[in-house]
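Chains as they are written, first to last, in the numbering used here: chain A, 109 to 461; chain B, 109 to 461; chain C, 109 to 461; chain D, 109 to 461.
Be aware that one or more of the hints could be misleading.
Where chains are identical, the list cannot tell them apart; a pair therefore holds if satisfied intra-copy or between any two copies.
[Said to hold, decoys possible] EDC-like cross-link-like pairs, simulated, lysine to aspartate or glutamate; straight-line CA separation at most 20 Å:
hint: 1; residue 1: Lys321; residue 2: Asp394
hint: 2; residue 1: Lys373; residue 2: Glu449
hint: 3; residue 1: Lys142; residue 2: Glu254
hint: 4; residue 1: Lys373; residue 2: Asp185
hint: 5; residue 1: Lys321; residue 2: Glu416
hint: 6; residue 1: Lys142; residue 2: Asp173
hint: 7; residue 1: Lys321; residue 2: Glu227
hint: 8; residue 1: Lys142; residue 2: Asp178
hint: 9; residue 1: Lys142; residue 2: Asp185
hint: 10; residue 1: Lys373; residue 2: Asp394
hint: 11; residue 1: Lys142; residue 2: Glu449
hint: 12; residue 1: Lys142; residue 2: Asp455
hint: 13; residue 1: Lys321; residue 2: Glu226
hint: 14; residue 1: Lys373; residue 2: Glu416
hint: 15; residue 1: Lys373; residue 2: Asp178
hint: 16; residue 1: Lys373; residue 2: Asp173
These are computed hints drawn from the structure, not numbers from a lab.
All of these numbers come straight from a predicted model, not from anything done at the bench.
There are 4 protein chains.
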Amino acid sequence: MSSPDVHNFTVSYRIGIINVTGYAGMEAARLLWKHPEARVVAATGRSLAGQRLGDAFPSLAIYGDFPITDEIQESVDVVFSSLPTAASAAACAPFVHAGVKVVDIAADFRLREPGAFEEWMSGGQPHPAPELLSEAVYGLPELNRERISAARLVANPGCYPAASLLALAPAVAAGLVTGQIVVDAKSGVSGAGRGSGGGFAYAEVNEDVSAYKIANHNHQPEIQQELAGLGEARAPRVTFVPHLVPMTRGIHATCYAPLVRAVTKAEVLEVYRDFYRSAPFTRVVDAPPHTKHTLGTNMCFVHPAVDERNGMLVAVGVLDNLGKGAAGQAIENMNLMLGIEQTAGLDLPAVYP
Amino acid sequence: MSSPDVHNFTVSYRIGIINVTGYAGMEAARLLWKHPEARVVAATGRSLAGQRLGDAFPSLAIYGDFPITDEIQESVDVVFSSLPTAASAAACAPFVHAGVKVVDIAADFRLREPGAFEEWMSGGQPHPAPELLSEAVYGLPELNRERISAARLVANPGCYPAASLLALAPAVAAGLVTGQIVVDAKSGVSGAGRGSGGGFAYAEVNEDVSAYKIANHNHQPEIQQELAGLGEARAPRVTFVPHLVPMTRGIHATCYAPLVRAVTKAEVLEVYRDFYRSAPFTRVVDAPPHTKHTLGTNMCFVHPAVDERNGMLVAVGVLDNLGKGAAGQAIENMNLMLGIEQTAGLDLPAVYP
Amino acid sequence: MSSPDVHNFTVSYRIGIINVTGYAGMEAARLLWKHPEARVVAATGRSLAGQRLGDAFPSLAIYGDFPITDEIQESVDVVFSSLPTAASAAACAPFVHAGVKVVDIAADFRLREPGAFEEWMSGGQPHPAPELLSEAVYGLPELNRERISAARLVANPGCYPAASLLALAPAVAAGLVTGQIVVDAKSGVSGAGRGSGGGFAYAEVNEDVSAYKIANHNHQPEIQQELAGLGEARAPRVTFVPHLVPMTRGIHATCYAPLVRAVTKAEVLEVYRDFYRSAPFTRVVDAPPHTKHTLGTNMCFVHPAVDERNGMLVAVGVLDNLGKGAAGQAIENMNLMLGIEQTAGLDLPAVYP
Amino acid sequence: MSSPDVHNFTVSYRIGIINVTGYAGMEAARLLWKHPEARVVAATGRSLAGQRLGDAFPSLAIYGDFPITDEIQESVDVVFSSLPTAASAAACAPFVHAGVKVVDIAADFRLREPGAFEEWMSGGQPHPAPELLSEAVYGLPELNRERISAARLVANPGCYPAASLLALAPAVAAGLVTGQIVVDAKSGVSGAGRGSGGGFAYAEVNEDVSAYKIANHNHQPEIQQELAGLGEARAPRVTFVPHLVPMTRGIHATCYAPLVRAVTKAEVLEVYRDFYRSAPFTRVVDAPPHTKHTLGTNMCFVHPAVDERNGMLVAVGVLDNLGKGAAGQAIENMNLMLGIEQTAGLDLPAVYP
């Protein structure tokens, strides 16, 4: 099939992907292939530099002889980075300073509180680009659409926070729930990344569920930080527990928040539908959604339920951790930053079954 | 290999399985094959009556020409029933009245409160054997060992409640937590039973997680009922949400309960280890356990963790839904009812990986 | 997101899908959503008629309120049918006679030999539209590109034959192998279709491999028929054995054919690369390919290997059974029949991992 | 539960496991726990030496504080080794020379032809104990029962050869087939061993089938060697292709051999049933078997089918690669070497579903 050079768009933004050899980078390359107004012109991946993208990753065979390089040397309009923590910030900073729009898919610019990076992410190592922390915009368009559109550096949300925040935001913003929240999240294994080691061997992950980093994952403060900006009340407190389940893609966040007053399911549904009325990728549904309904897309399905006997909101959010949880979200943020159609390149049905 | 007739034990109790064609019944037959003091002498399964057990289920080929029958016509010492709700109680009652010890693996005798059966289980149909409800003993030996030993009718716990109660009981009994509890549970697909229909087709369950019966599952009152008997405080309230995950066996219950005071992880571990000091099948571990570590056994691994920032106990219980969650538990109850070694036939390592 | 009405293409062919509620029909709807020159205007599915496509199948939520109907009542340019055997031919015939181009994704028009339909497919029932059998063109563009382009009725290949024929065709056409061929094929479970029953329950298919219809599957004569047209020698004889493996999508055909003379691996690779030089969707690779590298696409990867010790060609073909094995192939055939770009709507990277 | 010290058997052989930290070693420990006449007294695993077996592998929690050591220092009657190639022979030799019975689960003593070890297994490195090669007995009791019983060193079959040989042996021995045989085998991922690296990451193996080492796997000469001893005719030639499928345990070997004369399915079944009449673990069935029906056991199901149109025998063998394909087989061999009941410790139903 055709190589990217034969694309012949009227307008075409030039995109660089830092670390295309990670799953989020690969997914960005996959989705950008059909983007109507952007195309990948550079893709780095040090361990595979010099190889052709289509050879290194046969799923991207359509890219033909597109090269994987050490560094981005092309002129680019937007850069995505999916490097590991700390390395990502270091790689992003020069582009931001050079006026290139940057979406950091890593976690480096998400926590704005001083010291949070050291406490939760880097084991005490200082942030490589602290001067950019206050400028970075948290890239969840359902909450921050305007600020993203004006940003030059966007901190793409974590996959767990994306699902959790979309499940909880309408209720918190409406003041329906108290601030003592439990988020129990289940993730497919690709969330651990391509470089992850033996803990994710097939024979040991298959037919198994386990929790990890109980109340100790850096997505816990990320969720708290973003919920704090939503309501009038004091900042919510979140107990967050992630679980690994035997599937490749998908996040299922089940969120529990005590209701401050009796509400009906219909009333809650209405609050949620209002909140997301203009959000193209977040769909409120009235039955428990399936992670698989989002596979390969930028969709998030949200289902707010009520345990009336116990006065508890149970809000479910599901998405593809590489879609709305990473690369899809990054492209949506890019679209906003470039001022083009928010859904460009992302208006896709899910791969099913 | 040898047919069951060639077993030649000094003492051998005679067991009947009602509905050996369900997964719990099949698992009981599997485990009883090697039980040192009991053997299956009758196994019913109406849809397959007349067939040989080893032909109908090649995994039980070792049973050779053992017949599946319509009814139990042999003299038996103990009966297990794993029929569907309501049918099970109707089938169990005559045996109880005839002096045969009965373990009901179905849910019919679990909820003791009048009206609970109609409200949660039968859609309003009356209980087929209400006269036995008050006599039935809830069959979780970690809580009820003495009463089970003296019982003639045991209500075997549900798979979700077994994991949840074992995760929560020590903390509730010690008064460490308040009564507003969240139980987020994940189950393999075999929990839905062999007869379950198209909602569990491989292509749709694979690579998918979804919640179901949010705060509306009959295991919610079952958990509440049994927790109520443990502590001094007012009865706990439980919000229970089950999830289906793509694996065959395994339950992972993640339980969240606000702590009434600051406690250290070490202190909680000590409380749990004390509580289960004489429980042969419940093992307290200090890292998050994996469902797969229990596969094929009657083990439950319990891990109490503490979210110190939020004053929340996070207690995890994992087990095999067909083991400690059904047939293994039933055999443990049988052992107690017969006055033989509690671990007889169940002292097995797990199948791993 | 936008409903299909807002598409605003310069040219847009109107497509009808008969039985959108089967997996092949759903996949056709998924792929056509982004087709640059065609759009779905009608989709039938009797069991769900009256429902909205996006509600019935949340993976197609993007279709919004597009209705599922009983019959195609819109004017259409092309019809796809994925009804079960016999029903499909009956549904296709009126459209062919009315001048609508038809791609039958079912098996009804594949076997041209008189009596083959009755022998292999219908249990003796006569073909519903025998007058069209001689006209139907077997829809594998790598073999029949010109005839497909001129056809008004295309018999879309079976998923197993597509992979097997693409793996074998170059060697057979070059006269490299004798006619006594073994095809050992492995399929994901979605190949059994959405309507398939209890034999495909998750708990029983998961962690299992089994063969079925050994040398008795109707894809055996289909492969033989198409190979027969390729070489000079007498018609090949094929022993075909399909296997079910625990995954949702994917076909892996491993084909064994005795070589008529000693050839090197390099020589065979050259023969294969020549054969597929102008085929946009069949890629010859020099290492064993993975089914997963084709997920969601119309690609087939072919790898010819040589067992030099035994003079045996081992040719592997992998594809997505719903892509190049069904709906993707159907759209490629449609493109040829309409005279538009062969790759239109199908130039996609694979979903990975 | 009880630690191994409390076992109190009349007779109890003392077993040492070299490399209990591999999957085959772990499975041997699992099965031996309930063996009526043998018990593990030493278990090595250098990377985990000093740890307790029940801590290192929670599935073996029942072993309590049983230590993993560097070397076997206890007096033992039988040693199992599941070290990697070459390391295993080196570790086994001293025990054989000291008069301890040894079952080598690794491949080191399987190929008897001079030079075969260097050609197929070690990349040219010489065999560490060539003096034992001629003495080692190939440990498939269905073929070699008497010689195994008298052996002091048994070469345990590979998992693929075990399934393939059991599927083919009766037909080859009866002279029903010619010598040009194809074996297409499918394996679960645990066959690659616990130490295997990133090629078996969950996210990449899941939802994928691929072939590997096409006609280049060292199980090809192993199958040929053992078939050669069976029939009168010239030695069979085998083309062997292994495939990786997304499951943890299980081998499915589909074997294709041209028939030398027309035979009915009933006739072939009779030949097979005769051949295995006294084999306790190989069961001939008249429908395609499922790998899952053998999970956790030492069973092999064999199904001979006939493609009458093409004069081809299609013989299927399925087993658990860690059972009859490794540790179960090793224990069966041990039983024979010790002169105790062949089925001791192995008379188990399968874990299903």
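Here is what the structure says about each hint:
1. Taking identical chains as interchangeable, the C-alpha atoms of Lys321 and Asp394 lie at most 20 Å apart only when they sit on different chains, with a minimum of 13 Å there against 31 Å within one chain.
2. Proximity of Lys373 to Glu449 under the C-alpha cut-off of 20 Å is found in neither arrangement, the shortest distances being 34 Å within a copy and 50 Å between copies.
3. Within a single copy, Lys142 and Glu254 get their C-alpha atoms no closer than 26 Å, and across copies no closer than 28 Å, so neither meets the 20 Å cut-off.
4. Taking the shortest Cα distances, Lys373 and Asp185 never come within 20 Å of each other, neither inside one copy (45 Å) nor across copies (45 Å).
5. Taking identical chains as interchangeable, the C-alpha atoms of Lys321 and Glu416 lie at most 20 Å apart only when they sit on different chains, with a minimum of 13 Å there against 31 Å within one chain.
6. In this assembly of identical chains, Lys142 and Asp173 lie within 20 Å of each other by CA distance solely inside one copy; the values are 17 Å within and 25 Å between copies.
7. Taking the closest pair of Cα atoms, Lys321 and Glu227 come within 20 Å of each other only inside a single copy of the chain (14 Å); across copies the shortest separation is 39 Å, beyond that limit.
8. For the homomeric pair Lys142 and Asp178, neither the shortest alpha-carbon distance inside one copy (25 Å) nor that between copies (34 Å) is at most 20 Å.
9. When the C-alpha separation of Lys142 and Asp185 is checked against a cutoff of 20 Å, the pair qualifies only within one copy, where the shortest distance is 17 Å, while the shortest distance between copies is 26 Å.
10. Within a single copy, Lys373 and Asp394 get their C-alpha atoms as close as 9 Å, which meets the 20 Å cut-off; across copies the closest is 39 Å, which misses it.
11. In this homomeric assembly, Lys142 and Glu449 come within 20 Å of each other (Cα to Cα) both inside a single copy, at 14 Å, and across copies, at 16 Å.
12. For the homomeric pair Lys142 and Asp455, the shortest alpha-carbon distances inside one copy (11 Å) and between copies (8 Å) are both at most 20 Å.
13. When the C-alpha separation of Lys321 and Glu226 is checked against a cutoff of 20 Å, the pair qualifies only within one copy, where the shortest distance is 17 Å, while the shortest distance between copies is 41 Å.
14. Taking the closest pair of Cα atoms, Lys373 and Glu416 come within 20 Å of each other only inside a single copy of the chain (9 Å); across copies the shortest separation is 33 Å, beyond that limit.
15. Neither within a single protomer nor between protomers do Lys373 and Asp178 lie at most 20 Å apart by alpha-carbon distance, with minima of 53 Å and 34 Å respectively.
16. Neither within a single protomer nor between protomers do Lys373 and Asp173 lie at most 20 Å apart by alpha-carbon distance, with minima of 54 Å and 24 Å respectively.
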